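Dock chains B, C and D with the ligands against the given chain A, drawing on the hints supplied.
Which chain is which? The protein sequence lines are A, B, C and D, in order.
Residues in the first sequence are numbered consecutively from 1, following this note's numbering.
Residues in the second sequence are numbered consecutively from 1, following this note's numbering.
Residues in the third sequence are numbered consecutively from 1, following this note's numbering.
Residues in the fourth sequence are numbered consecutively from 1, following this note's numbering.
Some clues are possibly wrong.
Stretch by stretch, here's where chain D covers chain A in the computed footprint (C-beta under 8 Å, at least three residues) [what the hints assert, rightly or not]:
(1) 6-17
(2) 46-57
(3) 291-303
(4) 306-314
Heads up, simulated EDC-like pairs for lysine to aspartate or glutamate below, C-alpha to C-alpha not over 20 Å straight-line [what the hints assert, rightly or not]:
(5) Lys-272(C) / Asp-293(C)
(6) Lys-180(B) / Glu-12(B)
(7) Lys-180(A) / Asp-242(A)
(8) Lys-110(B) / Asp-68(D)
(9) Lys-252(A) / Asp-282(A)
(10) Lys-265(D) / Glu-33(A)
(11) Lys-174(B) / Glu-12(B)
(12) Lys-110(A) / Glu-116(C)
(13) Lys-222(B) / Glu-313(B)
(14) Lys-110(B) / Glu-255(D)
(15) Lys-110(A) / Asp-68(C)
(16) Lys-174(A) / Glu-255(D)
(17) Lys-222(A) / Glu-313(A)
(18) Lys-174(B) / Glu-218(B)
(19) Lys-265(C) / Glu-33(B)
(20) Lys-180(A) / Asp-285(A)
(21) Lys-180(B) / Glu-3(B)
(22) Lys-180(B) / Asp-242(B)
(23) Lys-252(B) / Glu-187(B)
(24) Lys-174(B) / Glu-255(C)
(25) Lys-174(A) / Glu-218(A)
(26) Lys-252(A) / Asp-285(A)
(27) Lys-272(C) / Asp-216(C)
(28) Lys-110(B) / Glu-3(B)
If you are wondering where the hints come from, they were derived from the structure by calculation, not from laboratory data.
Treat the numbers as computed from the prediction; the structure is a model and nothing was measured.
For glycine and all other residues, C-beta sits at the position ideal for the given N, C-alpha and C.
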Amino acid sequence: MREMTYTNAAREGLAEEMALDPTIFVVGEGIGERGGNFNTTLGLYEQYGPERLRDTPIAERGFVGMCTGAAMTGTRPVVDFMFLDFILDALGELINQTAKIQYMSSGRLKMPITLRGCIGIGGSAATHHSGNYYPIFAHLPGFRVVIPTTPYDAKGLLKTAIRSDDPVLFLEHKSLLNTKGAVPEEEYFIPFGEARVRRTGSDVSVVAVASMVNKALEAAEKLADEGISVEVIDPRTIAPLDMNTILESVHKTGRLLVVDEDYAPCGIGAEIATQMMEQGFDDLDAPVRRMNAAFAPVPYSQPLETALVPNVETIATAIRNLRAE
Amino acid sequence: MREMTYTNAAREGLAEEMALDPTIFVVGEGIGERGGNFNTTLGLYEQYGPERLRDTPIAERGFVGMCTGAAMTGTRPVVDFMFLDFILDALGELINQTAKIQYMSSGRLKMPITLRGCIGIGGSAATHHSGNYYPIFAHLPGFRVVIPTTPYDAKGLLKTAIRSDDPVLFLEHKSLLNTKGAVPEEEYFIPFGEARVRRTGSDVSVVAVASMVNKALEAAEKLADEGISVEVIDPRTIAPLDMNTILESVHKTGRLLVVDEDYAPCGIGAEIATQMMEQGFDDLDAPVRRMNAAFAPVPYSQPLETALVPNVETIATAIRNLRAE
Amino acid sequence: MTLDIASPERTAIAPDAAHALYREMLRIRRCEEQLVRSYAQGLIPGACHTYIGEEAVATGVCAHLRPDDTVLSTHRGHGHALAKGVPAREVIAELFGRATGCSQGRGGSMHLFKPEVGMLGTSGIVGPSILMATGAGYSFKLTRTDRVSVVFFGDGAVNNGAFHEGINMAAIWNLPVIFVCENNMYATEVAFASVARNTNVAERGYVYGLPGIAVDGNDVAAVYTAAGEAVRRARAGEGPTLLECRTYRTRAHSEGMRDVGYRTKEEVDEWKRRDPIESYRTRLIADELATDDDLRGIEDEIAAVIAEALDFATHSPWPDAATATAHVYSTT
Amino acid sequence: MTLDIASPERTAIAPDAAHALYREMLRIRRCEEQLVRSYAQGLIPGACHTYIGEEAVATGVCAHLRPDDTVLSTHRGHGHALAKGVPAREVIAELFGRATGCSQGRGGSMHLFKPEVGMLGTSGIVGPSILMATGAGYSFKLTRTDRVSVVFFGDGAVNNGAFHEGINMAAIWNLPVIFVCENNMYATEVAFASVARNTNVAERGYVYGLPGIAVDGNDVAAVYTAAGEAVRRARAGEGPTLLECRTYRTRAHSEGMRDVGYRTKEEVDEWKRRDPIESYRTRLIADELATDDDLRGIEDEIAAVIAEALDFATHSPWPDAATATAHVYSTT
Ligand SMILES: Cc1ncc(C[n+]2csc(CCOP(=O)(O)OP(=O)(O)O)c2C)c(N)n1
Ligand SMILES: Cc1ncc(C[n+]2csc(CCOP(=O)(O)OP(=O)(O)O)c2C)c(N)n1
Ligand SMILES: [Mg+2]
Ligand SMILES: [Mg+2]
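So that you can see chain A by itself, here it is in the shape it has in the complex (with noise of 0.2 Å):
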């Protein structure tokens, strides 16, 4: 099957459903003739101009407010914040209003419309450029939530998300966006609420999020060759949250591990562990363990940065006295 990277596969996804369906849009800025920061919309442009790639102000609250009208009457918005930080500006916009119209109105408007942005730590991208936030979706009703971990999930998700009638938050990390992947030819959608077992083991089951999953799949293959055997699960989508998927692994290892990179208090880790013990705690042989980001904000110099996060070594070594558990 061929290879593309990832940001290649998802902008072959949103190429192919503007192809089909002139009422999508995408706002941004400098997703235009530049083509994204990212290289999201590259080439685009040329194809359907400046009504379907609009260059926008510098005014996230004002054109995701925008773009929450347009979905109310009949187009599907396709918002490219460039780094999932500039998102919250808007945040008012979103939870009071794109999140609620359809439950407001009864179901009598729809509300497609689809916001990506970057998120992730590294890079000495600092505080501003660094974000992860999903948490704040997964917690309100309203909204899915998609984090993509490989080409063929990017481009298959993508496409979901924009056929969705609902608020999507299709969310990539940097680290990922220029990873190579499998992608056929042929047409092909993801569905919402599927998580996806990476790696299948015996003594401990991994969940892993964004850019955790190469790490936890890294200290999965380490661990290998000290004969523990890790099952790494990749959720896809934390909102719906597939844990019918993590209950089966959980049943058979007895042991979960939440790997995250954003912060721990009430975050995904907290919900997924919550979760395994409210529907399987006779499974559980010992605690659910989370691994998440220092609590800090991010800073910029590597020594700093590098220490904020877990990386494959901490992660090994979770699962270890996880397993010694």
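Just chains B, C and D with the ligands, lined up with the frame of chain A:
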């Protein structure tokens, strides 16, 4: 000891601090001559005038950003949002600036800002005036989150909040504003991170937040007649969170229910449940259980609104079930 | 680009159109008066912000709109919903919290939805409607229709970033949006003059590069005339307009609230004398556009409509608690 | 209220002040040029937005500020930090990620903090600095000082709600704040003219009720003169000023980014010909405010400062990983 309402106790705390420190000022809509939509500043304008009781334009993002700059430069703003729902337009400022500047300046700048607003579901306030939203702040580094439930706590915690050099969310549930309680004449402060056991019991521990505390106490009363002994804990501040008091309680009871009016996913119940498992797994005779608002925006009509939130009956039932597990 | 307050063109409006304007203002007024009574009787569980004194604005603007045109509005939105075609019975039922309300009981006074007639919703938050209306305009332009998007907002929204960001986008992209500012001089109890150095809202159109027009918002003919031109421009693809209507709410900010201290009784009385409905009634007769009998006929008709609406609301069922979590998502 | 571009008053500036302006612009330029080289050498792990071509703005404004006055700025903030008194060694060390940087390695190019000299921080987010500067002005007024708060921001921030809300608050409360818009005609690769119908920023002062002044941002004397009056007004309690400086960045938006397509080579070259430092050098000699020798002396002096700064940064220690979570809170 004298009795006073929650609102009057909090206002007395604010008045005491303003009398002592001329750098304290309050901003908000109608907090000047009007004295605040919820009487939070009643009578203070006459004493301190417009510079220290500043009626603002409807520009929540603007005056939060402004107060962030003020707090960096030697004054101590108190932002009165009236309804906490209105804070959402300011989340960009709060998350990227207010919460991060102490860290980014390595502590050379302080951030003594108090952010107060009314929370909670009830009285057909509908979806734009019923928000809770506190997990958003508990999730992120840099904030303190205070949720008093008695007049005594409201005054003592507000005074601590105003004296704090950290950003503090001070959240008042609408259903508590007119409740009365004992408040001493002498000055006092209540430190953050100290939960209060509101009722001791031996069969089941219940951690309840905001308005759920009184409902849980009622349920406990009911169950006492059935011979079920319930311990009720009010965390009072959820960031910092006093897990020790909860752990001690569950060490005794073996069972924990968290009752929270806010939504479940990635909420404070998930955090408490996960920490309980992490730190007291062997004390648990049953999985930690959560009760939360149903996962939907808050509707207006009474039968719908009522259906959304836990009540004394459903809490009692949940405790019975947990006891039986 | 800013025009002075347009002097109403007395001859421009045909009798039947004039009667329709009178009828609509009256329907709004009588509906609001009923809501005031019902609120006092405890039949409205939540808030109730009346539009009394400002009826000429919604009426004069919406008279030009088609059902497929859209309106977004604010916490003070009863009048906008009614003028856009929501039956009074559905507004009253909504404030009563009944399943037959235009929002099926989910919204109440501040969340009136009826997409079927182009009412895309009122908002309990000040600001967002301006942005959503801009987005509706974006849809209408992108899909090559001649539909028009209208948003009503108060002077309180003018100092909010949504005003700045929304109007700018509509201007630079030349969207078919009409921004109607109901400048009633106060936001709750905060005077506009205390939070804006320059209280001339229409003038602000200049910096965004769109026409800003100020009219007497208590003169339905003036509003009708100015809005007609704004709607024509929007439909013709000539772009957005900022329409400032200077008006006044003669009741408290919301029912149950006191109404003293921040404004004088003299000021309130002065504006009551400029009542948009009374003054238009007088003028219709003076201009021989209607006889007293014509207007009495309309008044009786409206009285009957409101009586029926109240009866409908009173006897409507409550929503089924089992539906409380329906429609959070389109897909499962 | 809007003035035309102020024609620089050639005689107003005394020789030593003029030399200081030249020295400061040159220090910024040489520091930026060093950062460009260091970036190319891979010594700067994060972003690097240079101020090359805009030095006259920070220099002309900050020349009037006391250490206890404050500055807030943007992602393009090296020049502002330097002009406010942050040593070049601490700026270079910061971009290198060293413990000796002005932000102790926590910030990098977009987060330069040095409260000791009134540098309250640059921001990686467009908008907030405008609001925080308004708040600093609020503190200065409330505490009865004559301190002045200055914020620098780009044309890209003008369409953001923070501009609208912040400037309005400063105007209605008459705060000692100077809003300096560096209008370099582009936000990354988006032309200001494509996102604003009216690109005259100074004119916007009118709607907020504060003076709006536009100057040639490549003419340090013009900036110095206009800023002097703005600072005087602020200190005297006469309120805020909006100062638009028309300038241009002659390098790419940030180092490592391409710089083609969105603007022409001719345009860039035209502005390079209007280099603020070269043109001021020529004028100083023509006006006999300095000799070529004077200026060579300054140039050698600055070369030494930057060489020492680079050496300092290069040999500075990395932050201790154990401190990564310190100072999140003041209290424990
Ligand atoms: C963002 C936000 N802040 C505060 C409020 C509370 N509030 C409700 S109505 C109102 C005043 C609105 O005044 P204006 O926009 O002039 O409309 P009017 O009531 O005069 O018709 C305020 C402050 C709100 N609804 N939304
Ligand atoms: C809220 C926000 N949105 C987007 C960005 C990404 N961004 C960084 S700089 C920039 C352009 C800023 O242009 P301008 O304000 O004119 O400053 P200049 O770079 O021209 O000096 C953008 C869009 C950001 N930093 N913050
Ligand atoms: Mg008003
Ligand atoms: Mg610029």
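Cross-check of the supplied hints:
1. 6-17: n = 0 at 8 Å, threshold three: violated.
2. 46-57: Holds, because 3 residues of the segment 46-57 of chain A bring their Cβ atoms closer than 8 Å to Cβ atoms of chain D.
3. 291-303: holds (count 9)
4. 306-314: holds (count 3)
5. Lys-272(C) / Asp-293(C): Not OK: Lys-272(C) and Asp-293(C) at ~24 Å, beyond 20 Å, violated.
6. Lys-180(B) / Glu-12(B): holds, 14 Å
7. Lys-180(A) / Asp-242(A): Not OK: Lys-180(A) and Asp-242(A) at ~25 Å, beyond 20 Å, violated.
8. Lys-110(B) / Asp-68(D): holds, 16 Å
9. Lys-252(A) / Asp-282(A): holds, 12 Å
10. Lys-265(D) / Glu-33(A): Roughly 18 Å between the alpha carbons, so the hint for Lys-265(D) and Glu-33(A) holds.
11. Lys-174(B) / Glu-12(B): holds, 18 Å
12. Lys-110(A) / Glu-116(C): holds, 13 Å
13. Lys-222(B) / Glu-313(B): holds, 9 Å
14. Lys-110(B) / Glu-255(D): violated, 33 Å
15. Lys-110(A) / Asp-68(C): Holds, because 16 Å separates the two Cα atoms, which is no more than 20 Å.
16. Lys-174(A) / Glu-255(D): holds, 19 Å
17. Lys-222(A) / Glu-313(A): Since the Cα atoms of Lys-222(A) and Glu-313(A) sit roughly 9 Å apart, the hinted pair holds (cutoff 20 Å).
18. Lys-174(B) / Glu-218(B): holds, 18 Å
19. Lys-265(C) / Glu-33(B): holds, 18 Å
20. Lys-180(A) / Asp-285(A): violated, 37 Å
21. Lys-180(B) / Glu-3(B): holds, 6 Å
22. Lys-180(B) / Asp-242(B): This hinted pair is violated, its Cα atoms lying about 25 Å apart.
23. Lys-252(B) / Glu-187(B): violated, 35 Å
24. Lys-174(B) / Glu-255(C): Roughly 19 Å between the alpha carbons, so the hint for Lys-174(B) and Glu-255(C) holds.
25. Lys-174(A) / Glu-218(A): This hinted pair holds, its Cα atoms lying about 18 Å apart.
26. Lys-252(A) / Asp-285(A): It holds: about 11 Å lies between the C-alpha atoms, which stays within 20 Å.
27. Lys-272(C) / Asp-216(C): Status holds; Cα separation ~14 Å.
28. Lys-110(B) / Glu-3(B): violated, 36 Å
Violated hints for the displayed structure, listed by number in ascending order: 1, 5, 7, 14, 20, 22, 23, 28.
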